[in-house]
Each structure stands twice: as C-alpha cells, then as structure tokens.
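Chemist: So you can see what is in the structure, the chains are spelled out below.
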Amino acid sequence: MLSVKRLISTLRLIASYAVANTQAVMEYRAAFIVQVLTMTANDSLWLFFWWTYFHQFPLTNGWQITDIVILWAVSACGFGISAAVFGNARQLSSLVMNGGLDAYLSMPRYSLLHVCIAATDPTAWGDILFAVGAYLFLVHPNAIHIVFFMVLVIMTSFIFTAFMVILCSLAFFLGNTEGLAQQMFGALISFSTYPMDIFHGAVRLLLFTVMPAGFISFIPLQLLRHFTWPLFGAMVGATVLMVLIAVGMFELGLRRYESGNLLGMQA
Amino acid sequence: MDAVGVRSERRVMQRWRLALLKYAAVLRVSVENNLAYMMEVFFRALLLVVLVFILSQLWKTTFALHKEKILSGFSINTMIWYLIAAESIALSLPALTKRIDQEVRSGQLAYLLGRPCSYILYNFAHYLGERLVRWSMNCLVGAGLATLMVGWPPFTWQGLLAWPLVSLLAMSIDFVAYFCIGLFAFWFEETQAFSFVFSRLTLVLGGVLAPLEIFPQPFRSIALALPFGAILYGPARTLVHFEVDRFYQLLLQQILMLVIGGVILLVIYRVALRRVNINGG
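Those protein sequence lines, which keep their order, are chains U and W. For the first sequence, the residue numbers in our numbering are 1 to 267. For the second sequence, the residue numbers in our numbering are 1 to 281.
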C-alpha cells in the first residue's frame with residue numbers, strides 16, 4: 001500500500017514537472033511552435049529518404065517501408081518522451097563537473113529522478129508529434145496495436161534516459177565526459193533508426209548489449225509485428241536492467257562526488 | 001597625371017594586400033586555436049566512423065541483395081569513398097549560426113563592429129579556420145576507414161586536385177547560408193530551428209546518404225536542380241567520378257550560388273545593422 005502511494009506520488013511529481021517545464025518553454029510561444037514544426041519536418045525528411053530508397057530497392061532482407069515507419073515512430077517517440085520528460089538527464093555530466101548536484105541532493109525526492117525531470121527539450125514535442133502522426137496515418141494500426149505502441153515507447157524512453165544517465169555518470173569517475181556522452185548517444189540514435197538486419201556478427205551483439213539499439217528498434221518492431229510473451233519479457237527485462245545499471249552507476253558515482261559549494265535556487 | 005594614377009593604384013593595391021594579410025592572420029589564429037584541441041577534433045571525427053559504417057552496411061546489403069556490382073554507376077568501393085567525402089564536409093560544420101545569434105543577442109556584435117575589419121570577413125576567416133581543421137581530420141579518419149573497408153580509392157589525379165577547390169567553395173556557400181540565418185536573430189526569437197532545417201535539407205537532398213543518381217525520378221531531378229547538391233553531392237562526386245564537363249558545371253553552380261547568396265547576405269546585413277543600437281556606459 002505504501003509503495004503504491006509512493007509510486008502515485010512520484011508519478012504526480014513527474015507530471016507536475018512536465019507541465020511546469022512545458023509552460024515555461026511555451027512562454028516563447030512562436031519559438032516553441034517553430035522548434036516543434038522544425039523537428040517534425042526533420043523526421044519527415046528522413047522518412048522521405050527511406051520512401052525513395054524503398055521505391056528504388058523494394059526489399060532489403062524482408063524489410064518494407066511500413067517497417068521503417070514503425071521503427072522511426074518507436075525510436076522518435078521514445079526519444080521524444082525521454083527528452084520532453086527527462087530532458088535534464090543530458091546535463092548530468094556538467095552538473096557533476098560544476099558541483100551543481102548540491103541543489104538536488106538536499107531535496108526530499110530521489111535526486112537522480114529530480115535531476116532528470118528538471119528540464120525539457122522543446123524540440124522533443126516535434127519528435128512525439130511526428131511519431132504519433134506517422135504511426136497512425138501511415139501504419140493504420142488497430143486499438144490493440146496502439147496500446148502496445150504506447151507501452152513500448154514508454155519502455156524505449158526509459159532505455160534512452162538510462163543510457164544517457166550511464167554515459168553522464170562516467171563524469172564521476174573520468175572527469176569531463178560531456179563530448180563522449182554526446183557522441184555515444186548520437187551513435188545510439190543512429191543505430192536505432194536503421195534496419196537491424198544490415199548488421200551482423202559482433203556488431204549485432206554490441207547492439208543488444210553495450211549499445212542497446214536493438215531494444216529500441218528491433219525488438220519493439222518484432223513485437224508490433226507478431227507479439228510473443230518471451231520477446232515481451234526480454235524487452236521488459238532489458239528495460240529494467242538498463243534502469244538498474246543507470247541507478248547503480250549514479251549511486252556509485254555519488255560516493256565520489258565533491259560538493260561545489262554552489263548556491264543554487266530551484267524555483 | 002600618369003604618376004598620380006600609378007601612385008593611387010599602388011595605394012589601392014597596398015590596401016588590398018594589408019586587408020588580405022589581416023584576414024589571413026585571423027584564419028591562422030583560428031586554425032592554431034583548433035589545432036590546440038586536437039583530441040577533441042579527433043573524437044568529433046569518430047562520429048563519421050559510426051555514420052559511414054552504418055551507411056556502408058546498408059549499401060553492402062543493398063548491393064548483395066540485388067546481385068549487382070554497379071548501381072547507377074557506383075560500385076561498392078566508389079560508394080563508400082563517396083560517403084566518406086560527403087560526410088567529411090557535412091560533419092565539419094562549426095556552430096556558426098549559434099555564434100552569430102549569441103553575438104547579436106548579447107550585444108557583443110557592437111564591440112566587433114568597432115574593430116578595423118569587416119564583421120562578415122572576420123567571421124568568414126574564423127569559420128574557415130575551424131572548418132578546415134575539422135575537415136582535414138575527417139578526411140584523414142575517413143580515408144583510413146574506407147581503406148580498411150573497401151581498399152584503395154578509385155580517384156584520378158584530376159579529381160584529387162579538384163576536391164580541395166570544390167570543397168572550399170562548398171564551405172563558403174555554407175558560410176553564406178548559416179551567416180544569413182544567424183542574422184535572423186535581429187527579427188526572430190529562435191534561429192536554431194532555421195539552421196536545423198537547412199542542415200537537414202542539405203543532408204537529405206544534398207546526397208549525404210547516397211549519391212543523387214540512386215534516387216528515383218522526379219526526386220533525382222528536383223534534388224539535382226536544388227542548391228543543396230552543390231554543397232555535398234557535387235564535391236564528393238567530383239572526387240570519386242571526375243568528369244571535366246560536370247566539374248565546370250559544378251564550379252559555375254557554386255560560383256553563381258556564392259554571388260547570389262553573397263548579395264542576399266549583404267542586403268540582410270545592411271538592413272540588420274540599422275537595427276543596432278549602441279549605448280555608451
């Protein structure tokens with residue numbers, strides 16, 4: 001009962017932050033709308049490339065244009081939710097470097113969650129808009145598929161966020177890892193938006209372990225094509241494992257953290 | 001009278017020479033600044049390795065499935081070298097728009113305007129220094145990767161000689177476009193979105209994912225007619241498939257784009273300068 005209460009309270013905190021952050025970026029309404037439309041146009045351009053590609057080369061290892069649409073919709077929506085709700089996760093390494101974690105450590109809520117939800121990326125709403133639009137209008141899913149899609153994109157958003165936290169937590173041990181984190185995260189996004197069948201051997205193994213792109217693109221796509229419980233279990237397991245590794249890395253790193261004696265204010 | 005004419009001509013020449021030296025000095029300082037952070041430049045180039053690896057896997061699979069050795073005039077060898085050439089230009093772009101945007105918003109522009117040099121040319125020299133270092137590193141890392149993946153390049157000596165020239169012109173076109181977008185900060189709250197759209201249009205319609213010949217009609221003709229192809233596709237194709245006619249055509253297209261873009265840039269700059277308010281204090 002207590003844990004259910006705590007879960008509801010945490011969800012309410014996340015929702016409150018998401019609303020407050022969105023209201024903050026909406027202050028510059030025109031800029032916000034331009035950013036959202038720009039990101040939607042960007043994602044649509046990539047999909048346009050794939051459309052032209054499949055027009056010229058109809059089949060690539062059994063892949064069709066609808067598969068690419070699903071792959072892009074899941075990746076973009078997962079990334080969009082991660083950046084919109086947990087948008088401050090990418091600032092973690094600079095917070096560690098500058099001693100900026102102090103403001104979060106003194107608060108009653110769990111500090112890692114608090115750091116992650118403290119900011120949003122307005123362009124992320126463009127990714128979400130594109131993903132939902134592409135999935136609904138190009139794939140024409142039924143109600144069950146829509147529910148599955150929602151569950152899967154929430155899981156992929158956790159994977160994206162956890163991966164970013166793991167990369168940024170390296171700053172506790174290695175110093176400035178901001179560039180490295182950006183490069184690795186960029187690589188994860190790149191690998192997640194191409195058909196998994198073009199990768200073989202050791203690379204494919206890497207994409208299901210060190211760089212979990214397979215759990216962002218390949219497994220959700222397979223589940224949306226043909227649902228099986230073992231595959232769904234693997235997806236849930238991978239998500240939980242990623243989150244646990246991220247929390248573990250952060251906790252381990254926190255022991256090495258040195259306060260910057262910074263005076264900060266969370267309004 | 002003749003002596004007066006010769007003297008004034010000499011004076012003009014001297015002024016031009018000094019101006020050139022001035023911007024050459026800015027370019028040299030910018031190159032040295034970037035060379036000082038060599039490891040950062042190197043790590044940036046690693047993204048090129050990831051992207052080219054992914055694209056090469058896609059095209060290797062495509063070639064294998066279609067049991068073709070040549071697709072639209074490209075073998076897998078020339079395709080990989082083409083991708084390296086296009087990506088080396090695309091990934092060398094510095095955050096020019098962001099810098100101009102910040103200088104306009106923070107008011108730092110006012111300090112720079114007071115300097116005895118053109119704001120546009122100063123920024124061009126600074127941008128070129130940064131970009132040349134990144135581009136050179138991308139070419140080095142990319143060449144190593146492509147040699148490992150598909151062996152020696154199929155270049156001709158004409159292609160190799162033309163490559164730096166067409167790349168330099170492509171970078172100059174990028175400068176004109178991104179500088180104009182940066183100046184939009186005088187009118188718009190947000191300029192990064194415009195810069196983002198332009199960069200994505202350049203990547204997709206400019207042929208960074210594949211040579212434009214690969215794409216079906218009418219997309220191919222549209223993409224070839226648009227200016228984005230002159231930034232990535234044109235230079236990369238010149239390197240791997242040098243043809244004299246196409247080279248002259250590309251040069252003409254790039255120079256025309258620079259002239260037209262330059263005029264637009266000057267107009268925007270002049271109009272924007274009227275909005276600058278400098279207050280003492």
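Note that these hints are calculated values from the structure, not bench results. Please note: incorrect hints may appear among the correct ones.
Output of the computed footprint for chain U on chain W, the stretches with three or more beta carbons under 8 angstroms from beta carbons of chain U [claimed, not checked]:
#, stretch
1, 129–141
2, 260–270
Each pair of labels, with its calculated beta carbon distance range [to be verified]:
#, chain 1, residue 1, chain 2, residue 2, range
3, U, ILE14, W, GLU32, 28 to 38 angstroms
4, W, VAL244, U, ILE189, 32 to 42 angstroms
5, W, ILE264, U, GLY175, 53 to 63 angstroms
6, W, LEU165, U, LEU241, 47 to 57 angstroms
7, W, GLN102, U, ARG109, 30 to 40 angstroms
8, U, ALA20, W, LEU165, 47 to 57 angstroms
Counterexamples of contact, computed for chain U against chain W with all Cβ distances above 10 angstroms [to be verified]:
#, residue
9, ARG6
10, ALA30
11, THR52
12, MET107
C-beta atoms are modelled at their ideal positions from N, C-alpha and C, and glycine is treated no differently.
Chemist: Each of the hints needs a verdict: does it hold here or not?
Modeler: Verification of the hints:
{"no.": "1", "hint": "129–141", "result": "violated (count 0)"}
{"no.": "2", "hint": "260–270", "result": "violated (count 0)"}
{"no.": "3", "hint": "U:ILE14 <-> W:GLU32: 28 to 38 angstroms", "result": "violated, 48 angstroms"}
{"no.": "4", "hint": "W:VAL244 <-> U:ILE189: 32 to 42 angstroms", "result": "holds, 41 angstroms"}
{"no.": "5", "hint": "W:ILE264 <-> U:GLY175: 53 to 63 angstroms", "result": "violated, 45 angstroms"}
{"no.": "6", "hint": "W:LEU165 <-> U:LEU241: 47 to 57 angstroms", "result": "holds, 52 angstroms"}
{"no.": "7", "hint": "W:GLN102 <-> U:ARG109: 30 to 40 angstroms", "result": "holds, 34 angstroms"}
{"no.": "8", "hint": "U:ALA20 <-> W:LEU165: 47 to 57 angstroms", "result": "holds, 53 angstroms"}
{"no.": "9", "hint": "ARG6", "result": "holds, 39 angstroms"}
{"no.": "10", "hint": "ALA30", "result": "violated, 6 angstroms"}
{"no.": "11", "hint": "THR52", "result": "violated, 5 angstroms"}
{"no.": "12", "hint": "MET107", "result": "holds, 31 angstroms"}
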